[in-house]
Amino acid sequence: MKHFITTADFDQQTLQQMLDLANQFKQGKSSDILKNKSVALLFFNPSLRTRTTFEIGTWQLGGHAIVLEPGKSAWPLEFELGNKMDATAEEHVIEAAKVLSRFCDLICIRAFPKFENWEYDRQDKIIQSFAQYATVPVINMETITHPCQELAHMQMIQEKLGTPKKKKYLLTWTYHPKPLNTAVANSSLLISTKFGMDVTLLCPTEEYLLDERYLNIAKENVAQYGGSFQVTHDIKQAYQDADVVYAKSWGALPYFGHWEPEKQIRDRYQHFIVDEEKMGLTNNAIFSHCLPLRRNIKATDGVMDADYCAAIDEAENRLHAQKGMMQYLLENQ
Amino acid sequence: MKHFITTADFDQQTLQQMLDLANQFKQGKSSDILKNKSVALLFFNPSLRTRTTFEIGTWQLGGHAIVLEPGKSAWPLEFELGNKMDATAEEHVIEAAKVLSRFCDLICIRAFPKFENWEYDRQDKIIQSFAQYATVPVINMETITHPCQELAHMQMIQEKLGTPKKKKYLLTWTYHPKPLNTAVANSSLLISTKFGMDVTLLCPTEEYLLDERYLNIAKENVAQYGGSFQVTHDIKQAYQDADVVYAKSWGALPYFGHWEPEKQIRDRYQHFIVDEEKMGLTNNAIFSHCLPLRRNIKATDGVMDADYCAAIDEAENRLHAQKGMMQYLLENQ
Amino acid sequence: MKHFITTADFDQQTLQQMLDLANQFKQGKSSDILKNKSVALLFFNPSLRTRTTFEIGTWQLGGHAIVLEPGKSAWPLEFELGNKMDATAEEHVIEAAKVLSRFCDLICIRAFPKFENWEYDRQDKIIQSFAQYATVPVINMETITHPCQELAHMQMIQEKLGTPKKKKYLLTWTYHPKPLNTAVANSSLLISTKFGMDVTLLCPTEEYLLDERYLNIAKENVAQYGGSFQVTHDIKQAYQDADVVYAKSWGALPYFGHWEPEKQIRDRYQHFIVDEEKMGLTNNAIFSHCLPLRRNIKATDGVMDADYCAAIDEAENRLHAQKGMMQYLLENQ
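Protein chains in written order, with my numbering: chain A, 182 to 514; chain B, 182 to 514; chain C, 182 to 514.
Looking at chain A on its own, in the form it has when it is part of the complex:
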């Protein structure tokens, strides 16, 4: 069974095939690959773009999407093996995954970390469990990475810059009042290095480095696909000559679950906001963000409203990129 859980499972060429399909869909290509098929969309967390694009994308491909919210409209689920289910979960993922596989042809999961214990959250247990027990392909709608966002992001970069290879790509940490998921930041490194870009990760301190798993994949991608990867805490150096600036906030992993002391550190770095002055240091870079974005916290109104802001274009690509990915996945099982 071929799932779409992380882009690390696919080489550049295969991802490019999905992107080529995405571009064809954007140009008006029609497909009924989901005719008579249905798609389960399981949301453990809120969503605007993801829900809208998966529902519409499924419908445009001829299928029908079902939205389920475990713990709200649907039963709370258990993910541990072998324990006595005497707490709040009414159903085990083994049954949920097997049953949904009887009704649906794809199972899509959004499950953010619980933000208590990174050693636990980094196992990505919810989607991994569904992938283990489902008998249909499982798709990641954001867990500890966000591969659908990666495709939409790379489609946008190729639209704006042509070939991404050796272009200067900056992923900058930004402030946010709450400690957020590292998923999109991890994904940013995965996809930019996979396409041979010269990648800089800008974060306030060593404490804001991403999980070593993703840093290592980034280094492996550099070895395989060219490009480069560096980490810096120097804002000016980071923005200098950048072609792409991608922003994301996240909580520091060493303080995971101990967010009080982390907040004291985080609060010192509100100046990491993306503003017009910083953008002025770049090589007329495009700016983007996965959205939702808090204005004047992560980026200023001036940046968000500038012509170089590509966040809306990237968001639109979610629809096309996910259709391309589903088309590929169903044609290549």
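These are calculated hints, taken from the structure and not from any lab test. All values derive from a computational prediction rather than experimental measurement. Treat the hints with care, as some may be off.
To be verified - In silico EDC-like links for lysine to aspartate or glutamate, alpha-carbon gap of 20 angstroms or less: (1) 207(B) / 286(C); (2) 265(A) / 458(C); (3) 279(A) / 488(C); (4) 216(B) / 213(A); (5) 306(B) / 190(B); (6) 207(A) / 494(A); (7) 341(A) / 494(A); (8) 265(C) / 457(B); (9) 279(C) / 486(B); (10) 279(B) / 486(A); (11) 210(C) / 286(A); (12) 216(A) / 213(C); (13) 218(C) / 512(C); (14) 444(C) / 388(C); (15) 359(B) / 441(B); (16) 346(C) / 424(C); (17) 279(A) / 482(C); (18) 359(A) / 267(B); (19) 279(A) / 494(C); (20) 216(C) / 213(B); (21) 349(C) / 401(C); (22) 347(C) / 422(C); (23) 265(B) / 486(A); (24) 265(A) / 457(C); (25) 253(A) / 250(B); (26) 265(C) / 458(B); (27) 253(C) / 250(A); (28) 218(C) / 213(B).
On the provided structure of chain A, position chains B and C as indicated by the hints.
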């Protein structure tokens, strides 16, 4: 961009075109004007009729509706310009409106007042912001007016009474344990005066008058379309010879946000309930209400179960009227 | 108007017609009996299988399903007649049922007991009210019985065992930390006796007997369709030579609404769990459960993961059986 935010933006003839289409749909007309199109339904408040009719109406016109609940299944939104988004909102309406416009061909909004400050709520900021930033038509599913209800209401009146011009129309305030939205009351005045009816607004005291904006539009409609408009606090005079009785409860605007003292006043007027005795004063009037309605609070069981109660017929027309309105809107951009 | 509220309203032959249609759908039969029709799904309680299968089943039959959650996304409803609606309900079932009948061609209801007063809950007032005021067929998605589960269960039994007549059928009570609904247990007795099986109800004490209404129907079914029905509290005797073991937990009716003392009794019977040792006493029985199921509380991992566990097959049949039932219902009004 032509939106459908208030019927005040359309003349009688144009609204009649929508109603004619509504009647054709009720008679079995089919249309695929929404083929390959999708419609975003944003609910900031609960709904039964609105959600059901927009979902089914969209589907009957060949399209696909997406239901989004900001603050619940979707991200909480910010509507102020230029501020630092450090509170609870994760996304600005600028991005939400622009992004949804990339995915959907119509954006429909239900956003009731917050009931704290009428000077704020009367700006109707949520739907006005969506209309400002969206690049597709925006439709009002009830904010501070309820124009879809107006169409369904007028379609019902024309079905029951023929030409509405110079028919006697009573909008009566009724009691309700909670201070409710003035939207349907405002809409009642807008649509009845727009079609040249002789309109009476019955409310307990001057404090229960509606916002002057809508009183003024009612007077302008009288000047343009004939008919008349009067306010009274005299129940018997109001019901005398009425052809249509429409009921609605609302909170007194001068006490907006100070609902404790308002409730003490409101509680004195529970006898404004629509009952069979009052209906006996009319010219065999039809009775209607937008629903939901608390029985034996706003109207008695006897009135609700009478043959002259047209509330269910009016509710049915929501489906047809909204299809007529969407058909008109998409054909006339 | 022919509703589908309880299988007690249908004889064995009619239910078999629905099952035959279900089998045809499972074999690939297509139907557009719901073309241009819509189906209201009202959920007063959570759901995974029911929601998914009714949404997909409706779509596969050419129709469109609307999901409504009264008290959450839709208005809270009142079910008593004649009272002054001054509490929390904003709308009466009379209007809700009549209005939905104008928009939809079927109304499906999930409404569990309130667990406070069995004399009240056993009236099944929510679905009975909808059936009284709706002008379209009403379908039970689980209230105090679960007839859709019955069809899926019997379809599975016929698939695994052939003719069910005179096969030994065990319904065993199991432990659960919370007092659960008797609906599926009631349904288990209704359907197994309706098809002439030799039925044993195993429960810890007389206090865990089901409502006499369903015990009486079981006895009437025995008289009409052959088979037999006995109650026992002896685990070994109950499992001996069984062909089917069906498990369900429920709260003791004599303690309904007084769940503290009931829990003290219930906690003594955790050994009613279905395990491999008990299954070893049977005639190579199949095991099933309606799901959701708490593993290692109601049944062990060993039982759930065994080849003889048919719970997933039964769940799959929900889709086919409900399509068969809707096809029958719409063809036979």
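Hinted pair residue 279(C) and residue 486(B), Cα distance within 20 angstroms: holds, 12 angstroms
Agreement of residue 216(A) and residue 213(C) with the hint, judged by alpha carbon distance not exceeding 20 angstroms: Distance ~15 angstroms between residue 216(A) and residue 213(C) Cα, so the pair holds.
Given hint residue 494(A) paired with residue 341(A) - CA-CA distance at most 20 angstroms: OK: residue 341(A) and residue 494(A) at ~10 angstroms, within 20 angstroms.
Straight-line alpha-carbon gap residue 265(A) to residue 457(C), limit 20 angstroms: holds, 16 angstroms
Proposed proximity, residue 441(B) with residue 359(B) (alpha carbon, max 20 angstroms): With a Cα-Cα distance of about 10 angstroms, the restraint between residue 359(B) and residue 441(B) holds, given a limit of 20 angstroms.
Hint consistency between residue 265(B) and residue 486(A) [alpha-carbon to alpha-carbon, up to 20 angstroms]: holds, 15 angstroms
20 angstroms Cα cutoff - pair residue 279(A), residue 494(C): holds, 10 angstroms
Restraint status (C-alpha distance of residue 265(A) to residue 458(C) at most 20 angstroms): holds, 18 angstroms
Hint consistency between residue 218(C) and residue 213(B) [alpha-carbon to alpha-carbon, up to 20 angstroms]: Measuring from Cα to Cα gives roughly 16 angstroms; hence the hint holds.
Pair hint residue 253(C) and residue 250(A), alpha-carbon separation not exceeding 20 angstroms: Holds. Residue 253(C) to residue 250(A) sits at ~14 angstroms (cutoff 20 angstroms).
Pair hint outcome, residue 346(C) versus residue 424(C) [Cα-Cα no greater than 20 angstroms]: holds, 11 angstroms
20 angstroms Cα cutoff - pair residue 279(A), residue 482(C): holds, 15 angstroms
Violated hints are absent here; each numbered hint is respected by the structure.
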